[in-house]
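Fit chain B to the given chain A structure using the hints.
Heads up: the protein sequence lines correspond to chains A and B, in order. FYI, my numbering numbers position 255 of the first sequence as 248, with every residue one higher than the one before it. FYI, my numbering numbers position 226 of the second sequence as 219, with every residue one higher than the one before it.
Rather than coming from a laboratory, the hints here were simulated on the basis of the structure. Errors might be hidden in some of the hints.
What the hints assert, rightly or not - Capping the alpha-carbon separation at 30 angstroms, the derived lysine-lysine pairs in DSBU-like fashion look like this: (1) B:K3 to A:K16; (2) B:K16 to A:K55; (3) A:K17 to B:K45; (4) A:K20 to B:K3; (5) B:K231 to B:K145.
If you're wondering where the values come from, they're calculated on a predicted model, not measured in any experiment.
Number of protein chains: 2
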Amino acid sequence: EAARMIILEKTPFQEEKLLDLLKKHTKLELQMRNDIYSTYHLYPPPELSEIKTTVVYPATEKHLQKYLRQEVHLIRETREDYENVTLPFIQSQSFSVQWVYNILEKKAEADRIVHENPDPRDGFVLVPDFKWNQNQLDDLYLIALAHRRDVKCLRDLTGEHLPLLRNIAREGTEAVTKRFGVPGSQLRIYLHYQPSYYHLHVHFTALGYDAPGSSVERAHLLADVIDNLATDSSYYQKRALTFALRADEPLFKKFQEAGR
Amino acid sequence: EAARMIILEKTPFQEEKLLDLLKKHTKLELQMRNDIYSTYHLYPPPELSEIKTTVVYPATEKHLQKYLRQEVHLIRETREDYENVTLPFIQSQSFSVQWVYNILEKKAEADRIVHENPDPRDGFVLVPDFKWNQNQLDDLYLIALAHRRDVKCLRDLTGEHLPLLRNIAREGTEAVTKRFGVPGSQLRIYLHYQPSYYHLHVHFTALGYDAPGSSVERAHLLADVIDNLATDSSYYQKRALTFALRADEPLFKKFQEAGR
Chain A
-6 EAARMIILEK TPFQEEKLLD LLKKHTKLEL QMRNDIYSTY HLYPPPELSE IKTTVVYPAT
54 EKHLQKYLRQ EVHLIRETRE DYENVTLPFI QSQSFSVQWV YNILEKKAEA DRIVHENPDP
114 RDGFVLVPDF KWNQNQLDDL YLIALAHRRD VKCLRDLTGE HLPLLRNIAR EGTEAVTKRF
174 GVPGSQLRIY LHYQPSYYHL HVHFTALGYD APGSSVERAH LLADVIDNLA TDSSYYQKRA
234 LTFALRADEP LFKKFQEAGR
Chain B
-6 EAARMIILEK TPFQEEKLLD LLKKHTKLEL QMRNDIYSTY HLYPPPELSE IKTTVVYPAT
54 EKHLQKYLRQ EVHLIRETRE DYENVTLPFI QSQSFSVQWV YNILEKKAEA DRIVHENPDP
114 RDGFVLVPDF KWNQNQLDDL YLIALAHRRD VKCLRDLTGE HLPLLRNIAR EGTEAVTKRF
174 GVPGSQLRIY LHYQPSYYHL HVHFTALGYD APGSSVERAH LLADVIDNLA TDSSYYQKRA
234 LTFALRADEP LFKKFQEAGR
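The shape of chain A in the complex, shown without the other chains (with noise of 0.2 angstroms):
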């Protein structure tokens, strides 16, 4: 039997409505006063404490064990370890990307679109991540998906990415500073690595949003990859890269089965 996952997240507060959650909410419960601090229950009406759902349905086991609390470790992975462990297993799961390809192809998603160039070669789609509602700024959450097909991840970065990578930093903080009102100051564009999805794709979140996966260990600025490309071509194709892996994921066995 298929499992059905369902992600329930709280979401920040919109601003416009909280003079309506302390005029209309239905019940307030003094908890604690204390000298000039009282605490206090209050339990809004329905439509002021919206829970953004997700469900995922078939869900594989890939998808349950995201979300399970698991020990992480780092692992420092060497230009060989990507050839001899990562590539091997990247290739053999044969991951879907199916839904990038439906939103690249306008078969879902078409309408949420904040930004198309569509050169097949430095092009790309901008749109609003799954994670986002789009109900406040302060989550802000974007993804632009190349449009080539080719670039499964920064590892596969050369200079030859260049173009493509200038267009994502340059039009997609236009379009997003268009739309939406944010400043490039205020934004934080990066590559995770490993990303989720083996097809490129860049992250834009809010400076202010303390998004996961925007720590040290996994993020790395698109300015910093673009810098690091336009002195050394093969910077990202020498380097060794950190990323962490929850123990029981399948690649960190395949590291342990290494010896690393």
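For chain B alone, coordinates are given in the frame of chain A:
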């Protein structure tokens, strides 16, 4: 008239109420469907969406400041920016690092030292960070302070400092593992740029701990720093570096005055 401050906080889900949430919700609205993924808005009944409410009355200016959100902006600092804006600012401030010297000279916190390499050029002292109470390993946080006093920050590092950095990486990790039982693969070891004080230091935090300042716009993995310097001794002298500044910070004003 006295100000009344009201703090609203959404609280984590209670596991034992999750089933109620899925059964009793009054409304479920489909937002988007793509392949095996779909997202919904769920509007729970009041008793399942408590909001923690704190009232401070009368509230002082100090109370208000603590909760006012400050705008934060990214700066992309070139080498020239560093020389023309950042460095003059650092020098004009003459920030005191007397507390660091006190530790290095055993005039303070001597009993807290976890490890020392006494070499004046390539040695360092490892101490628990102020922020860590050492009661639990979840938020483990230590700091390695270089003995030499002529290195302010990441910008100053060259190939000359590789022995020092490698000592910190190797001996620091060994010491943390020996004292606290945390293996190297579960340590996030990094420098800040900008740092909060201009005496070379390296952060050791538990990988599972979402430590403040561990995000990509501030943290630089020590392993990456070492590799970059080994490849190009002047890597950090030449390249642009990104960091975030609050709009009320003096250095931010300096960058504005410089027209950045």
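Hint check results:
no.	hint	verdict
1	B:K3 to A:K16	holds (17 angstroms)
2	B:K16 to A:K55	holds (26 angstroms)
3	A:K17 to B:K45	holds (16 angstroms)
4	A:K20 to B:K3	holds (16 angstroms)
5	B:K231 to B:K145	holds (16 angstroms)
Checked against the numbered hints given earlier, this structure breaks none of them.
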